[in-house]
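Asks: Below, each chain spelled out in residue letters.
Number of protein chains: 2
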Amino acid sequence: MAVKLNCKHLEGFLSADELKAIQPEIDKSVETINARNGAGSDFLGWIDLPIDYDKEEFTRIQTAAEKIRKTCDVFIVIGIGGSYLGARAAIEFIKSPLYNNLKKNTPDIYFAGNTISGNALDELLSICEGKDICVNVISKSGTTTEPAIAFRIFRELLEKKYGEDGAKERIFATTDKSKGSLKSLSVEKGYETFVVPDDVGGRYSVLTAVGLLPIAVAGCDINKLMQGAADARTAFKGRSDTDCAKYAAIRNCLYRKGKAIEILACYHSFFSMTAEWWKQLYGESEGKDGKGIFPASVIFSTDLHSMGQMIQEGVRNVFETVVDIKQTGAKATVPGDSADLDGLNFLAGSELNAVNHKALEATVLAHCDGGVPNIILEVDSKSEYDFGYMVYFFEMACAVSGYTLGVNPFNQPGVENYKNNMYALLGKPGDQYQARRAELLKRLGK
Amino acid sequence: MAVKLNCKHLEGFLSADELKAIQPEIDKSVETINARNGAGSDFLGWIDLPIDYDKEEFTRIQTAAEKIRKTCDVFIVIGIGGSYLGARAAIEFIKSPLYNNLKKNTPDIYFAGNTISGNALDELLSICEGKDICVNVISKSGTTTEPAIAFRIFRELLEKKYGEDGAKERIFATTDKSKGSLKSLSVEKGYETFVVPDDVGGRYSVLTAVGLLPIAVAGCDINKLMQGAADARTAFKGRSDTDCAKYAAIRNCLYRKGKAIEILACYHSFFSMTAEWWKQLYGESEGKDGKGIFPASVIFSTDLHSMGQMIQEGVRNVFETVVDIKQTGAKATVPGDSADLDGLNFLAGSELNAVNHKALEATVLAHCDGGVPNIILEVDSKSEYDFGYMVYFFEMACAVSGYTLGVNPFNQPGVENYKNNMYALLGKPGDQYQARRAELLKRLGK
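Protein chains in written order, with the working numbering: chain A, 1 to 446; chain B, 1 to 446.
Chain A with its partners taken away, still in its complex shape (with noise of 0.2 Å):
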């Protein structure tokens, strides 16, 4: 298993009577994932994606990211959410979260289209003079309004830099298979497409073309990626009586309990995409019809000294889930220092991760004795196969999580309230943006 739950420090939190009252909630959820009878059940496509894959576009995947990686010195992703968060916390995990400023023979990598900031586009403009650009937008339907901007500009830079011909050899579409305007434009103007599938949410599309093609160009080995899933799947799928069901379990007897927050916390900076890829998943599937628990995170130890008080004395509705990745490859050791100024040197010579993760114990324990329940998430390490690993379990145990808080746990309706706010206020042609035009306005003051 190189993804396991340490239980330990839940003792006086959550009694096995509790657990065991659960169980036949946690059976059921995950009978409703395996008949894909529950709600949501046209997006289950996720489940056996690790072996059931396109292994064709899956060769054209890693062969269009060898032609990225030898024709540019900088590869633009253009994705918002789902489109966005795997492949960055992909990259980071495995690579680094200084991936763009480490020596390397891959290019940089920097995403955009996740955001109207005109600073940051400004910002990536520049970034981009004088060097070599490929792109890969993102977009199933083609008219979200933040990756279609960036993609216009983008577009834009790389037709006046390369011509047409020259463009269409560098812009790579990750989109629908068949259908909608970005699918159109590219059969237009010959630019390799990849899909997203129909069946697989954008919080669940990592494992697919959305995500493994920026992270194939960073230099990440995909085939190991999809190997951690489908073991993962292999473990998982179809039982009640996994690590991953317990979490589902541990999660929804919390909340019934009134912790309405979990902290994912975790001790290395490496890590703090995968944290925001996990508050996507969860929150955008457990938060609706007035529930689910709020998703925060942490980088520890670095965060103890911000949000450390609050998790040690603040109000107790509060739990974490703490990652614990047992191997990292670093090197670094504490140096000697003869005089002893600091008296460090009762760690001379030792690692620097083994003192990080006593600090990771040492932070359990008092956490635990401030009222705090810790569940312990081990991960092997932080190569390809356990990245994947990590993403099948958080996936399923989210599905099985969201079924038995009763929502349905592939949807987002939500999303498109601020959609429909922003197309009216900026005078979107159509009769129903008219209408609440005018409405909005007066509600602004304006």
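Since the hints were made in silico from the structure, they are not lab data. A few of these clues could be false.
For identical chains, the list gives no copy identity; a pair is met inside one copy or between any two copies.
In silico lysine to any residue, SDA-like type, Cα no more than 25 Å apart, as pairs [unchecked claim]:
1) Lys103 to Ser126
2) Lys104 to Met226
3) Lys70 to Leu102
4) Lys160 to Lys446
5) Lys291 to Leu14
6) Lys70 to Ser126
7) Lys179 to Ala64
8) Lys103 to Cys128
9) Lys131 to Thr106
10) Lys55 to Met226
11) Lys326 to Ser350
12) Lys419 to Thr328
13) Lys442 to Ser350
14) Lys131 to Leu98
15) Lys131 to Val74
16) Lys70 to Gly370
17) Lys177 to Gly343
18) Lys428 to Leu440
19) Lys326 to Leu440
20) Lys189 to Gly427
21) Lys446 to Asn6
22) Lys291 to Ile22
23) Lys419 to Asp324
24) Lys442 to Phe346
Keep in mind it's a predicted model, so treat the numbers as computed, not measured.
Fit chain B to the given chain A structure using the hints.
Replies: Only chain B this time, still in chain A's reference frame:
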């Protein structure tokens, strides 16, 4: 006013009567701060800091910054918590979150000593290879584990590379004015030193040398920064009828009505470290005695595609404070496209930030409709002046809010718990640690 509160969207969530009812408590909190007779009043040095600071040291900071800019490619800032977040927040807000990747005539700036992750340190060392380096180590005592370890490593590196005499010209220590191990070492080695004042806590220290030296190295005008804070002091100090006091009042009213989580939202990624600074300020000041609003943050519209669903339709235990930056200087516009396959031509020629602002207004109304109270904080621009003004606004509001909550806003007793456990597990010499060690190992099952 460089920072203004817009409370229009609290209608229906908070009545004028409720604000009137809490006002006497706010008045009392402001009086307590002014009379300097509340809990923690030894740490009120931040109140007059914007005008009452060491002018000679201020000039030395500017001179040192100039020297650092001239002599290095990479500037390493070693510190944790308040000795890290303020400077990083300012540099990303005023300059850019991509500061290190932009072309510029100032050094790259990396923050170290805020983690024990060996991976983070290994990577930073590889980035430093072949580069000229200066270091600013920031620690009042010099014995805090995270920065002390990092400083051992970088001091060793600099002494190897430049010799002791060369290294001392490249190491700048911000520490206690007279005592502590870092002060002693600095005197012995001949480092230039700057002062962490006794009466300013870490999370309130960004306008001291702690924040000012790194901010100045990045090329920001620290005179303007102080001027902004000074003007905010004039506007807010000793008054309970200001927007600053009102923000404190609103937060407490909402908290008492069950709003357990405050989400600080901004529409630009250059705000994300300012949000982290704010989380320390509020979380560490208020999260104690079983109380406190849980501070969270999002960057929209990015996170509308991850946390947006939950904010729109999840548990109604949240409120949002939306930071609306008025002038950003961005130039990017939406290009036209004759084919208009994505249907965005109605935006052609619009500035991205104008579109971004419509997204802000749209989202505020959507979230209000979803049952989430929205406070808007209007900030004039991303200038040094406005950053300084905003810092003081948040600091004063935090103090008023904390006293109104009934806590000591200036201590952080809970931060010691993990440290004591960690020292015990690491085998630090001392009877108190030895005794605790056995007990902790037993609880860990070792």
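Asks: Each hint should be assessed against the structure and marked as holding or not.
Replies: Hint check:
1. Lys103 to Ser126: The answer is both: 21 Å in one copy and 8 Å across copies each meet 25 Å.
2. Lys104 to Met226: within (24 Å within a copy, 41 Å between copies)
3. Lys70 to Leu102: Intra 18 Å, inter 23 Å, cutoff 25 Å: intra and inter.
4. Lys160 to Lys446: Cα proximity of Lys160 and Lys446: none, with 40 Å in one copy and 64 Å across.
5. Lys291 to Leu14: Close inside one copy (21 Å) and across copies (23 Å); limit 25 Å.
6. Lys70 to Ser126: Result: close both inside a copy and across copies, 22 Å intra and 24 Å inter.
7. Lys179 to Ala64: within (22 Å within a copy, 60 Å between copies)
8. Lys103 to Cys128: both (18 Å within a copy, 11 Å between copies)
9. Lys131 to Thr106: both (14 Å within a copy, 21 Å between copies)
10. Lys55 to Met226: within (12 Å within a copy, 60 Å between copies)
11. Lys326 to Ser350: Classified as within: same-chain Cα gap 16 Å, cross-chain 50 Å, threshold 25 Å.
12. Lys419 to Thr328: between (41 Å within a copy, 23 Å between copies)
13. Lys442 to Ser350: between (64 Å within a copy, 23 Å between copies)
14. Lys131 to Leu98: So Lys131 and Leu98 pass the 25 Å test inside a copy (19 Å) and across (17 Å) alike.
15. Lys131 to Val74: both (7 Å within a copy, 23 Å between copies)
16. Lys70 to Gly370: neither (53 Å within a copy, 48 Å between copies)
17. Lys177 to Gly343: Between. Shortest inter-copy distance 20 Å satisfies the 25 Å Cα cut-off; intra-copy 62 Å does not.
18. Lys428 to Leu440: within (14 Å within a copy, 62 Å between copies)
19. Lys326 to Leu440: between (52 Å within a copy, 20 Å between copies)
20. Lys189 to Gly427: Neither way: Lys189 and Gly427 sit 29 Å apart in one copy and 65 Å across, limit 25 Å.
21. Lys446 to Asn6: between (55 Å within a copy, 14 Å between copies)
22. Lys291 to Ile22: within (18 Å within a copy, 30 Å between copies)
23. Lys419 to Asp324: between (38 Å within a copy, 18 Å between copies)
24. Lys442 to Phe346: between (67 Å within a copy, 22 Å between copies)
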